[in-house]
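Peer 1: Sequence:
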Amino acid sequence: MNHIVLVHPAIPQNTGNIMRTCVATYTKLHIIKPMGFSLDDKHMKRAGLDYIKDLKMEIYEDWNDFVAKNQGQYHFFTRYSKLCYSDQSYTSDQDQYFIFGHEHDGIPHDILKDHLDECVRIPMDGNARSLNLSNCVAIGIYEALRQQDFNNLSKVEVQKGEDFIYNE
Numbered sequence: 007m008n009h010i011v012l013v014h015p016a017i018p019q020n021t022g023n024i025m026r027t028c029v030a031t032y033t034k035l036h037i038i039k040p041m042g043f044s045l046d047d048k049h050m051k052r053a054g055l056d057y058i059k060d061l062k063m064e065i066y067e068d069w070n071d072f073v074a075k076n077q078g079q080y081h082f083f084t085r086y087s088k089l090c091y092s093d094q095s096y097t098s099d100q101d102q103y104f105i106f107g108h109e110h111d112g113i114p115h116d117i118l119k120d121h122l123d124e125c126v127r128i129p130m131d132g133n134a135r136s137l138n139l140s141n142c143v144a145i146g147i148y149e150a151l152r153q154q155d156f157n158n159l160s161k162v163e164v165q166k167g168e169d170f171i172y173n174e
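Take any residue in the sequence shown, note its place counting from 1, add 6, and you have its number in my numbering.
Keep in mind that a hint or two might mislead.
Think about it this way: if two alpha-carbon atoms lie no more than 35 angstroms apart in a straight line, the pair counts; the simulated DSBU-like pairs of lysine-lysine are [claimed, not checked]: (1) Lys166 / Lys62; (2) Lys75 / Lys62; (3) Lys34 / Lys48; (4) Lys34 / Lys75; (5) Lys119 / Lys34; (6) Lys161 / Lys48.
None of these hints come from the bench; they were simulated from the model.
All chains, full assembly: derive it from the sequences and hints.
Peer 2: Structure (structure tokens):
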């Protein structure tokens, strides 16, 4: 199973968008406190739309609480890695954990230093400081899903029918 892990998220709209992505990709969301908002935040709920009711989510008091309860293959998305995210394999039988940090500071360095061999980077222009967190999550999870042949996801339009546009 795939998992998205947010370490100290700060912006409710990003978390709402990530919630929506998690539901659409059968991915469980893990949030590690502290958070910069309440889960009742109206901006987060608006970004998550009505998908939130179908979300599989767990909240943790701190990093140690998360690690004690979750075993598998960890992938830390950070600007400090030298390995491109698309050069990493996400196909083992272990649970895959995609770990993303606070929008302003990233993953705490004391956590990263213990996991340098598990860090990946999304390439970008050298003059850019960062990408939006919810975009990074989507990039990461969809690369994993591509490598996993989009297991359990529909590759055709289901809501209106796979031939809808051809028959319109």
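Peer 1: Looking back at the numbered hints, which does the structure fail to meet, lowest number first?
Peer 2: none
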